[in-house]
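In order, the protein sequences belong to chains V and Y. Start counting the first sequence at 0; every next residue gets the next number (numbering that gives the first Met the number 0). Start counting the second sequence at 0; every next residue gets the next number (numbering that gives the first Met the number 0).
In case anyone wonders, no lab produced these hints; they're calculated from the structure. Keep in mind the model is a prediction, meaning the values are calculated, not measured. Glycine residues also receive a C-beta, built at the ideal position from the N, C-alpha and C atoms. Mixed in with the good hints there might be a few duds.
Partial list, computed: chain V residues near chain Y (C-beta under 7 Å) [unchecked claim]:
| hint | residue |
| --- | --- |
| 1 | I64 |
| 2 | I88 |
| 3 | V125 |
The calculated DSS-like cross-link candidates involving lysine-lysine, where the alpha carbons are at most 27 Å apart (straight line), are [what the hints assert, rightly or not]:
| hint | chain 1 | residue 1 | chain 2 | residue 2 |
| --- | --- | --- | --- | --- |
| 4 | V | K8 | Y | K24 |
| 5 | V | K82 | Y | K114 |
| 6 | Y | K24 | V | K12 |
| 7 | V | K120 | Y | K114 |
Away from chain Y, derived, C-beta distances all over 12 Å, residues of chain V [as the list claims (entries may be wrong)]:
| hint | residue |
| --- | --- |
| 8 | N2 |
| 9 | Y6 |
| 10 | K7 |
| 11 | L9 |
| 12 | T112 |
Chain residues, written in single-letter form:
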Amino acid sequence: MMNKEEYKKLVKKHVPKKNKIKSLIIAFLVGGLIGFLGQVCVNILISSFGLIKTEAFAWTGLIIIFIASLLTALGFFDNWVSKVKAGLIIPTTGFAHSITSCALDYKKDGLITGLGSNFFKLAGSVILYGVISAFFLCVLEVIIHG
Amino acid sequence: MQYLYAFIFAGTACLIAQIIFENTKLTPGHVTSIYTVAGAILSFFGLYDKLITKFGAGASVLISNFGHMLYSSALLGYEEHGILGLFSELLCKSSAAIVGAIVFSFVLALIFDPKD
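Chain Y on its own, in the form it takes in the complex (with noise of 0.2 Å):
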């Protein structure tokens, strides 16, 4: 059941973007941000994390969950160092996907060349 709940929340969210792009002329960039905020912006109303309790996941492996990741890890910030902890905690929780999209980007770049 948990994986099913995870399978159909990913494609109803891919599914929307797709209707997205095929009915405008809205870029990849342009897309993706907009779901970063909406992530953000269900964070902040405290539904992110009902979605991942609920869909796993589902909700976690969505760019929206970047918007997600930064707003909560601000907001613990705030709490635990008050207005510093807003800026040096901000990018706590995401470190991990930026590093890892850094490195692994780097490392693999030096690595190979393009194809064409």
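In isolation and in its complexed conformation, chain V is listed as follows (with noise of 0.2 Å):
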């Protein structure tokens, strides 16, 4: 008989390392696609539809949210993020997903009840913990220069 903690020990030496490795080129090569594919989209908007700088960043942010939004409905998203992780998680892909993923979920227990209460079930931290310290940083800002 071994106790828990040789168990532990057992379990780690057996754990393959190479996935390890292998999710974070993963993760990095998917981040830096949305980067990129962003990049793009910029660059398109700017050049041929004469848009300023601002209007086309707030237009990719849009397009990106919608492209995810799309792909979480159409059923491919959720298979992709718990492979990608998080490639998929921390661009606003994620955001968009974590919505539309609680929207469609909860939708059979009623439009209020389940897909109302449910909407901000996992961005709701983001947005809470976003406004909070953007509150409470610009009060500081405002402290320390007046």
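Fit chain to chain and form the complex, with the hints in mind.
Here you go:
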């Protein structure tokens, strides 16, 4: 018989290390690809549609959110996110995916008690802590610099 | 060159997040929240604008950009309308992302059904 600690060590020894490095590379490549495609989109919007830079960035964000939502609704994205993880979660695609998948999953419980009350189940913390940190950092900035 | 910078910055940010996933028990909710707050903090030190100038969409497609937009539009609101502006303008710049995500998700959720 071995105790828990020994068992944990044994498990750790046999968990393949290669997969870790592979998943890091995948996260890097997929995340990078989204950044690259975003830049392509920004440049096309500026050169072909004559948008100014800030508008081009905002449109690109919207397009990425729409594509991520659509792919989630079509059922591809859940699978990809579980494989790629950080590469799709850290870009805005993760934000859109979390909202759309919550909306889809809880739709069966009704439009108010299901979809409505679970809509921000995962994205809520991003909005909450984003607003709280931005608010108090701004107060701090005002106190420091007047 | 611009494309390469965008690729490397977005990729590195995701790589760091993946390292966090591999070595801690933090969930995607934790890490995205941390990145958002980190974006607001970088914006507080005036660094996020520089990141966007240098890395373009590489910095703007990340969730940390959400924190940057919240902070920078709150500060702009304060400069233009005082304390009230802090409350009334905070969500201004990020409105596109939030409203977009809400509208697309709602409409798509009505049209499609979950796959499994």
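Structure-based check of all given hints:
no. : hint              : in the structure
1   : I64               : 5 Å, holds
2   : I88               : 5 Å, holds
3   : V125              : 5 Å, holds
4   : V:K8 <-> Y:K24    : 18 Å, holds
5   : V:K82 <-> Y:K114  : 17 Å, holds
6   : Y:K24 <-> V:K12   : 19 Å, holds
7   : V:K120 <-> Y:K114 : 20 Å, holds
8   : N2                : 22 Å, holds
9   : Y6                : 18 Å, holds
10  : K7                : 14 Å, holds
11  : L9                : 20 Å, holds
12  : T112              : 15 Å, holds
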